[in-house]
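Asks: When you get a sec, could you build the whole thing from the sequences and use the hints?
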Amino acid sequence: MRMQISQKMRIKEAKQYVADKLGLTLEEICDVVTMSEVREDRGFGLGNFEPYAESNVGMEAKFKIAEALGIKINSVERFKERAGIK
Amino acid sequence: MTDSKKYFTRMGDGSIVYMTEEEIRADILAGVKDAADRGKIPPLTQDEMDHIYSIVTMPGGVVGVEPSRAIVTSNDSGSDKISTKCGIPVERSVNAMIHERVLGADSVDIGLEDYNYKTVKGVAKREAAVLKNALNKTTMPLFYGAMPNLGFYTKPDGPVDNWAVLLPEGKIKEALAAQEEAVEHAVKDIVYVAEQMYDVGADGFQLDTSGAAGDADFLVSLLATEIIKEKFPDMGVEIGMAGEFVLGMHGRLKYRDVKLAGLYPHQQVKLVEQAGASIFGAVVNTNCNMTFPWNIARVCTFLKACSEVATIPVHANVGMGVCGIPMCENLPSEIVSRADRCLIEICNLDGL
Amino acid sequence: MTKETLFKDAFDSIVDCEEEKAMQVLKDAEEMGIDPVELLTDGFSAGIKHLGDLFGRGEVFLPELIFSTEVMKLVTTEIESKLDMSQIKNKGVMVIGTVAGDVHDIGKGIVASLVKTNGIEVHDLGREVPAEVFVEKAKEFNADFVGSSALLTTTMTEQKRIEELLVKEGIRDKVKTLVGGAPVTKRWAEKIGADAYCEDASDTVNFILGWIGER
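Protein sequences appear in the order of chains A, B and C. As numbered in the working numbering, residues 1 to 86 make up the first sequence, in order. As numbered in the working numbering, residues 1 to 352 make up the second sequence, in order. As numbered in the working numbering, residues 1 to 215 make up the third sequence, in order.
Everything hinted at is true.
In the DSS-like style, the derived pairs of lysine-lysine whose C-alpha atoms are separated by at most 27 Å in a straight line are:
1) B:K171 with C:K49
2) B:K85 with C:K186
3) B:K33 with C:K186
4) B:K40 with C:K8
Only some residues are given here: those of chain B computed to face chain A with a beta carbon under 7 Å:
5) A70
6) K137
7) P141
8) G201
9) D234
Calculated from the structure, these hints are not laboratory results. In this text, a Cβ means the ideal position worked out from N, Cα and C, and glycines have one as well.
Replies: Structure, rendered in structure tokens:
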């Protein structure tokens, strides 16, 4: 979805881009079990898991996603500005 | 061989109807022809029509695509659904989290219950604060969304004369001038709201139900998108349509030398691309008096043509009364899932 | 010139919105001794009907439709001036409006325009019209048709009130009721007892013309 919004990529191209960036296959990025582990390991946020102290969610997860996908996320950029870290 | 077995399906208003193979195939063909004729676009192939038939008659309550064909979802008036529509008093950032963590949505929009930019303008900074709060708590992309709804700029609710009154009275010149004036007001309001939303970090800006008040309404979305994308290239814009063709309430308005009235989805998407939008939300009306096979075949014909020429993602609006979904409040999942599967497999859409 | 080409010219003069051509057709028809009522019905009115269909397909736009209505008005006036008025059937009177609580009047305006182009006397009551006003105006104008539009699921119920009030006031049998609007369906029309559910403006015209034909 982020690649569609920010880069206007169509679904096939967007899936390939994300798979390449994450070093996964197309099958893996569509697999909930694989992606749950990837999201947990890389701090991308676990939408529907019981949260624990170390789990990322919300803004911190978006920092990680922006970095991994090599894109700018507007809310992250504005957050940095407001927090004085940019 | 055609047998006399009757399959369960529905009419466009949701009523149950049982049809034979022959009847279903005839309706699919008629739906395809109607779209091809109106849109002046190629009809679906026999294989594609056979595929629609197999999806329509497939056993099971809910059908789905292969996991590798899964696509994403965007939303319009999403933040309204749990609170206003379901009557559960949830704050909008909580609503966004429910969409993300319970409903498995890929994105949602924050919007005011009085879902139009003219109203939002007056409370834009407050609305932006709600969005900012939601953006801090959620991981998925969030839009701010509302309708351009040019009708709200007419008297007594707005500053310009009401063309829906002037036109039937034969006051053409006045009606055209009123629409042109309303466009200026609406573009200004939308751009102002977009500025506030960009400032708090919106991922996207949703111009929903564009063209609801006719060609002038669609022009507003195109002009506003152009300005927004120039000012804030990092924020995506989704233009979602109101109907399958742009209604000619003015009839002479153009965008980049293209007359807007009468454009169908495959033509609309090219202008949406030129304006700089990231996603095109396509709409084909559901005809309540026709069957689901007729409606979905018609929808697929229009949206296949649209998807083929698009260079930006195309999301089909699969809500109540559009894109094959029946016109009823509680949607039957067996029809919704069949419509979705047809749209993904025949039209190669990017989202719903 | 044959009768067929004359009727075709009458049809085209409306579709192409050509006033001069329409007047020439009337003149030729008089010289050829053609029944003006037949010309009106099968030539000019057929043109308006075709235009309505084109509008429903997005091929003709509302202002063009209105221009053609003006030509149609001139044609009708001209024919009426040469005829014993009793020859021309009064097509009917319609009151139309968007129901109370609902400000969406774009679609209703289109329906009003298209019905008017077909020679029906239309009284547009505007938007946010209470059921009581629909009934009161139906009585005042001696309406044959009562059309109501609702764009919201929350305002559709007002259409049911119109039905109830028409019964209460004893005029339900004198009028045909038509309901329309985005969330409105045939099921809803049947449930509340309306005579017709109209998918769009052309549908409305077809119902009305159908009823007139049955008279």
